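Chains as they are written, first to last, in numbering that gives the first Met the number 0: chain A, 0 to 94; chain B, 0 to 200.
Take these hints with a grain of salt, some might be off.
To be verified - Label-pair ranges, simulated between beta-carbon atoms:
1) A:Ile74 <-> B:Ala11: 16 to 22 Å
2) A:Phe93 <-> B:Val56: 33 to 39 Å
3) A:Lys67 <-> B:Ala169: 21 to 27 Å
4) B:Leu5 <-> A:Thr38: 54 to 60 Å
To be verified - Chain B regions said to be covered by chain A (calculated; three or more residues, Cβ under 8 Å):
5) 6 to 15
6) 18 to 30
7) 67 to 75
Because the hints were derived from the structure by calculation, they are not lab data.
Keep in mind that this is a model prediction, so the values were computed, not measured.
We treat Cβ as the ideally placed atom computed from N, Cα and C, and that holds for glycine.
In case you want the letters, here they are:
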Amino acid sequence: MNKHSDNHIVPYRLYIQVLAGLIVMTILSVAITKINLDTLTVFAAILLASIKSALVLTFFMHLKFDNKLLQILVISVFVLVALVLFITFLDYNFR
Amino acid sequence: MSTMHLHRDDEASKLGMWLFIFTELLLFAGLFIVYGVYRYLNPVAFHLAAEELSVTVGTVNTIILLVSSATIAMATTAIRLKNKQLTILLLLATLFLAFMFMTNKYFEWKGKFEHGIFPGSEDLLRLGHGDTLFFSLYFFMTGLHALHIIVGFVLISIVCYRVNNNSLTANNPVLLDNSGLYWHLVDLIWIFLFPLFYLIT
Chain A
0 MNKHSDNHIV PYRLYIQVLA GLIVMTILSV AITKINLDTL TVFAAILLAS IKSALVLTFF
60 MHLKFDNKLL QILVISVFVL VALVLFITFL DYNFR
Chain B
0 MSTMHLHRDD EASKLGMWLF IFTELLLFAG LFIVYGVYRY LNPVAFHLAA EELSVTVGTV
60 NTIILLVSSA TIAMATTAIR LKNKQLTILL LLATLFLAFM FMTNKYFEWK GKFEHGIFPG
120 SEDLLRLGHG DTLFFSLYFF MTGLHALHII VGFVLISIVC YRVNNNSLTA NNPVLLDNSG
180 LYWHLVDLIW IFLFPLFYLI T
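My request is simple: use the sequences and hints to build the entire structure.
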C-alpha cells in the first residue's frame, strides 16, 4: 500500500477544544473593546486576533503535524507580512 | 488493487495550496495597510463611521465562521476514519454555516443600502471624505471576503459530491484537505476584519 497522505489523525476532541478557545477569545475581545482604554484597546484587539489566528494555523490548518519545511515557510511569510505592516505604521507614526 | 497507477504527490498539492494562500495573504495585507493609513489620517470620521456597524451581527458572524472552520477540520478527521456519513454531515454543516454567514451579510448590507450608505451614494458624499473612505473600504474588504466565501461554498459542494459518490475517500483526501485550508484562510481573514471594522471604534 502506498502512503499517500500523512498518517496522523487529529482527534475530534482537539478541534472542539480549539473552537471553544476561539469563541472565548472572540467574546473576550468584544468585552475588552466595551471598556474604553484608548490605544490599549487597539493593541488588545490586534493581540487577541493574532492569538486566534495562531490557533487556527497550528491546529485547524494542521501545521503542528506538518513537515518542517512547511512550518518554516509559513512562519517566515507571516513574519514578513507582519514586518511590512509594522514598518509602514512606524513610518506613519514618526513622520 | 488496480494495475493502473496514477502518479500523485499530496505533499506537493498541499505546498501549492499554501503558496496560493500566501498570495491571498499579501492581497489582504495590502488592503489592511490602506485601511490602517486612512484610519490614521481620518481618526474621527473612522471612529464615528465604525459605530454605525452592529457589533452583535459581527460577533454572531465571527462565531459562525469559527464553528464552520471546526466542522470542516473535523471532516478531515472523519474521512480518515472512513466514516463517510459523518464526513458528509460535517461538510453539509459547513455549507449551512457559510449560508448563514452570507444571509447575515445580506441583511447587514441591505440595512446600509436602505440608509443610503453604499459606494458612490449621495448621503455618503454629504457625510464627508473620512466616512466615504471607511465605507468604501468596508464594502470592498467585506465584499472581497464574501466572494471568497462563495468560492469556498462551491469548493466544499464539489468535495461533498465527490465524497458521496466515493471518488474522494480516505485514500485520497487531499482535495478535502486543501478545501479545508482555503476555508480556514477565509476564517483567518475574518478574524482580522472583525476587530478592525466592528470593534475598534
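Hint check results:
no.: 1; hint: A:Ile74 <-> B:Ala11: 16 to 22 Å; verdict: 20 Å, holds
no.: 2; hint: A:Phe93 <-> B:Val56: 33 to 39 Å; verdict: 37 Å, holds
no.: 3; hint: A:Lys67 <-> B:Ala169: 21 to 27 Å; verdict: 25 Å, holds
no.: 4; hint: B:Leu5 <-> A:Thr38: 54 to 60 Å; verdict: 56 Å, holds
no.: 5; hint: 6 to 15; verdict: holds (count 5)
no.: 6; hint: 18 to 30; verdict: holds (count 4)
no.: 7; hint: 67 to 75; verdict: holds (count 5)
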